[in-house]
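These are the residues of each chain, in order.
2 protein chains.
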Amino acid sequence: MTSPITVPVVLGERSYEISIGPGLLAEAGTRIAALAPQARLAIVTDTNVAGLHLATLAESLDRAGLAHQTVTVEPGEASKSFTTFARVCEDLIATRVERGDLVVAFGGGVIGDLAGFAAAVIRRGMRFVQIPTSLLAQVDSSVGGKTGINSRHGKNLVGAFHQPSLVLADTSVLDTLSKREFRAGYAEVAKYGLINDAAFFGWLERRWRDVMAGGAAREEAIAISCRSKAGIVARDETETGERALLNLGHTFGHALEAVTGYDSRRLVHGEGVAIGMVLAHEFSARLGLCSQETPSRVAAHLAEVGLPTRIGQIPGGAGSADALMTAITQDKKVKRGRLTFILTRGIGESFIADDVDPAAVRHFLAEKLADGPDAAAPVTGP
Amino acid sequence: MTSPITVPVVLGERSYEISIGPGLLAEAGTRIAALAPQARLAIVTDTNVAGLHLATLAESLDRAGLAHQTVTVEPGEASKSFTTFARVCEDLIATRVERGDLVVAFGGGVIGDLAGFAAAVIRRGMRFVQIPTSLLAQVDSSVGGKTGINSRHGKNLVGAFHQPSLVLADTSVLDTLSKREFRAGYAEVAKYGLINDAAFFGWLERRWRDVMAGGAAREEAIAISCRSKAGIVARDETETGERALLNLGHTFGHALEAVTGYDSRRLVHGEGVAIGMVLAHEFSARLGLCSQETPSRVAAHLAEVGLPTRIGQIPGGAGSADALMTAITQDKKVKRGRLTFILTRGIGESFIADDVDPAAVRHFLAEKLADGPDAAAPVTGP
Ligand SMILES: NC(=O)c1ccc[n+]([C@@H]2O[C@H](COP(=O)([O-])OP(=O)(O)OC[C@H]3O[C@@H](n4cnc5c(N)ncnc54)[C@H](O)[C@@H]3O)[C@@H](O)[C@H]2O)c1
Ligand SMILES: NC(=O)c1ccc[n+]([C@@H]2O[C@H](COP(=O)([O-])OP(=O)(O)OC[C@H]3O[C@@H](n4cnc5c(N)ncnc54)[C@H](O)[C@@H]3O)[C@@H](O)[C@H]2O)c1
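If you read the protein sequences in the order shown, they are chains A and B. First residue of the first sequence? That's 1 in the UniProt record's numbering, and the numbers climb one at a time after it. First residue of the second sequence? That's 1 in the UniProt record's numbering, and the numbers climb one at a time after it.
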């Protein structure tokens, strides 16, 4: 067996481990059998991931003598719907997995959220394993137990906290990820620097090319991200406080995803987060919380990596300030009409502001929209 | 305010109270405001209950200054579907209730299970209040936090444990319940005697007419039932052991509901439970666990009350032993191919048997089915 990096997620009897390293997929059988020798497995995946990596996983499970069946969905955010959720639940139940068996979420964040939510509610809770295959899923969505689907009123409005029993992050499966999706996941990596780790952000500014290239720097970036998230989740599992910091850039980002109809040709989640993080830093500067240089430095790094950083870069635009505000106020982070935003006092100095004036946000967004569509080519290449 | 009977459900920080008594609906506003003075309420109910009792509830909430909106579904088990669940979630989110607000489940067990599950997953968990309006809901489904919907493979296969913040059981709303639905709820009342309280079963044999008639005996029966359930739930919230006793009669009952297509014209839940409890006692006698007199005494009491006690009484029959076995093995209570049943050594002496031979059950059911349709008129009157 390989010697992966191991990151513990410490949550009492719900504790588990994240293993990070190349070649883990081929060891999935042994590692899952160590956890649940008799379990039958129901794998949930999307057609992209199935086409590229299911054979490796299946062989590994076969070698370990673990019975498995697969439920496949279409790739993309649209699968986080009530309709697909119902179909996945029915199909999982039809595989006749029982309460001690395992659901395996094998794919990006969409699969993790969807399959994790199904595992949370089938028979009122089944165990599950996350095998994240996108960078975004490896550094963020597979860790911490948030699962869910989208409402037509907003993202992730329906779901459950349900911790996995194990996370296997095979860094070599990322080699088949498109550059665009890799960059989208990179936005969440950069987020950990921006939340509370200025040194990590500085490291990323110097080493991002190595992270993209693969090898030790990539593994290190993923491990640092997972450790950061695991720490926050261990201190605040159900987001009564600190965990909200993980939403840095996400209130704006989710609104952008909503107004672009979750159309991945126009915007994927990580791109929304990239633009959203720049907006959160710009808005903080506008409120006098941090210097003007802070948003410029954030935008410069994300742009260098190849991520969009301005609303104007979204093909087809992002609607009106009204549409964005409707999406924002329907997002989870609202309390008695005041908005909760993650704002910042500088790189790595984010904080929760739970009394943000909606009028100020609207004004800020209207200005950003007035900048108009970007002259530069939209960043939606391969 | 009236002085209702109060039954505490002791579950640490998830503890709550059940209040039982006539006229509580008119006090719902004051009682909910005491719990959550600023909350906005989203009521989920069915058209039957809305037509009969929503005005009383709404007036009470208005007097207490609580804002409220209502989401209405069709009455009947068919509403515990993925489709209705999705619609109710979307409608609840559209009322813009926020995380500190309250979902109110106002109806029978169908509404409690459906609205409770929606409350469990909207924004990953909202507070909710149960105002049960059927006898079954007052003595059983509103207590203990099991919520959920049905899969096409079986009942309650998708759901969550989510405790209410308050249960208000207004015993006078039961006056509008049909005799048939009242009797169906009575099956669950009798269940508490059969599980572990022979004295209560004896009391019911003597006093069932008073329970039906209303007044003090009815309230007492409801309070005893709630206390019994609250005790079991407090000792085993998530059904790792003892709580399974509450499924007495339910494995057979759920299978009968499944093969009759959840068609309430043929069989309602409590009727399935009544027949199921008789079958569980007969099967226990067959295995030599209890005397032949035990099932006879159970059947005699339930029949006297007007409940069906034999498969043959179900209009249209109950399919084949194969169909019933498929439904039974798809029910939750299966482990590695052996069946978990609640069996008994006598009245009030039930226990969990987790190694029941499917072949013995099939043989027993085939025999019961061979008895053929009943000559007596089916018990489906008003
Ligand atoms: N639960 C959480 O805590 C959390 C945190 C962050 C994001 N999310 C959610 O995650 C989702 C976004 O995740 P995502 O970006 O992974 O999206 P995704 O699952 O849609 O994956 C992106 C694309 O990459 C493909 N893909 C995945 N792995 C691949 C591989 N190894 N090779 C080739 N193609 C591959 C997928 O098929 C898909 O087309 C959003 O729905 C977001 O809300 C959840
Ligand atoms: N969650 C649990 O622990 C639990 C326990 C037992 C049963 N259940 C579930 O409960 C459901 C059965 O509950 P139910 O029997 O209350 O069914 P129900 O909710 O369908 O109610 C039965 C009928 O009575 C009507 N009704 C309700 N209150 C009325 C009133 N006051 N006056 C006139 N009509 C009224 C309803 O409209 C419906 O037509 C099943 O789905 C079962 O699985 C859940």
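Take these hints with a grain of salt, some might be off.
Residues from chain A shown here face chain B by an in silico Cβ test under 8 angstroms; the list is partial [claimed, not checked]: (1) F82; (2) A86; (3) C89; (4) I93; (5) T95; (6) I122; (7) R127; (8) R152; (9) G159; (10) C290; (11) A323; (12) M325.
I should point out that these hints are in silico values taken from the structure, not numbers from a laboratory. All of these numbers come straight from a predicted model, not from anything done at the bench. Glycine residues also receive a C-beta, built at the ideal position from the N, C-alpha and C atoms.
Tested hints:
The interface hint given for F82 of chain A holds, since its Cβ lies 4 angstroms from the closest Cβ of chain B, which is under the 8 angstroms cut-off. A hinted interface residue such as A86 of chain A counts as satisfied when its beta carbon comes closer than 8 angstroms to some beta carbon of chain B; here the least separation is about 4 angstroms, so the hint holds. Hint on C89 of chain A holds. Least Cβ distance to chain B is approximately 5 angstroms, under the 8 angstroms limit. At a threshold of 8 angstroms, the smallest CB-CB gap from I93 of chain A to chain B is about 5 angstroms, leaving the interface hint in force.
Look at T95 of chain A: its Cβ only gets to about 10 angstroms from chain B, farther than 8 angstroms, so that hint breaks. Of the supplied interface hints, the one on I122 of chain A holds, with its beta-carbon coming within about 6 angstroms of a beta-carbon of chain B, less than 8 angstroms. At about 14 angstroms, the closest approach between the beta carbon of R127 of chain A and any beta carbon in chain B exceeds 8 angstroms, and the interface hint on this residue is violated. Here the hint on R152 of chain A is kept, as its CB sits about 6 angstroms from the closest CB of chain B, short of 8 angstroms.
With 8 angstroms as the threshold, the beta carbon of G159 of chain A comes within range of chain B, its nearest partner Cβ sitting at about 5 angstroms, so the hint holds. Contact between C290 of chain A and chain B, as hinted, is not supported at the beta carbon level, the nearest pair being about 29 angstroms apart and thus beyond 8 angstroms. Nearest Cβ of chain B to the Cβ of A323 of chain A: about 16 angstroms, over the 8 angstroms cut. The hint is violated. Violation of the interface hint for M325 of chain A is found here, the shortest Cβ-Cβ separation to chain B being roughly 14 angstroms, above the 8 angstroms cut-off.
In summary, the numbered hints that this structure violates are 5, 7, 10, 11, 12.
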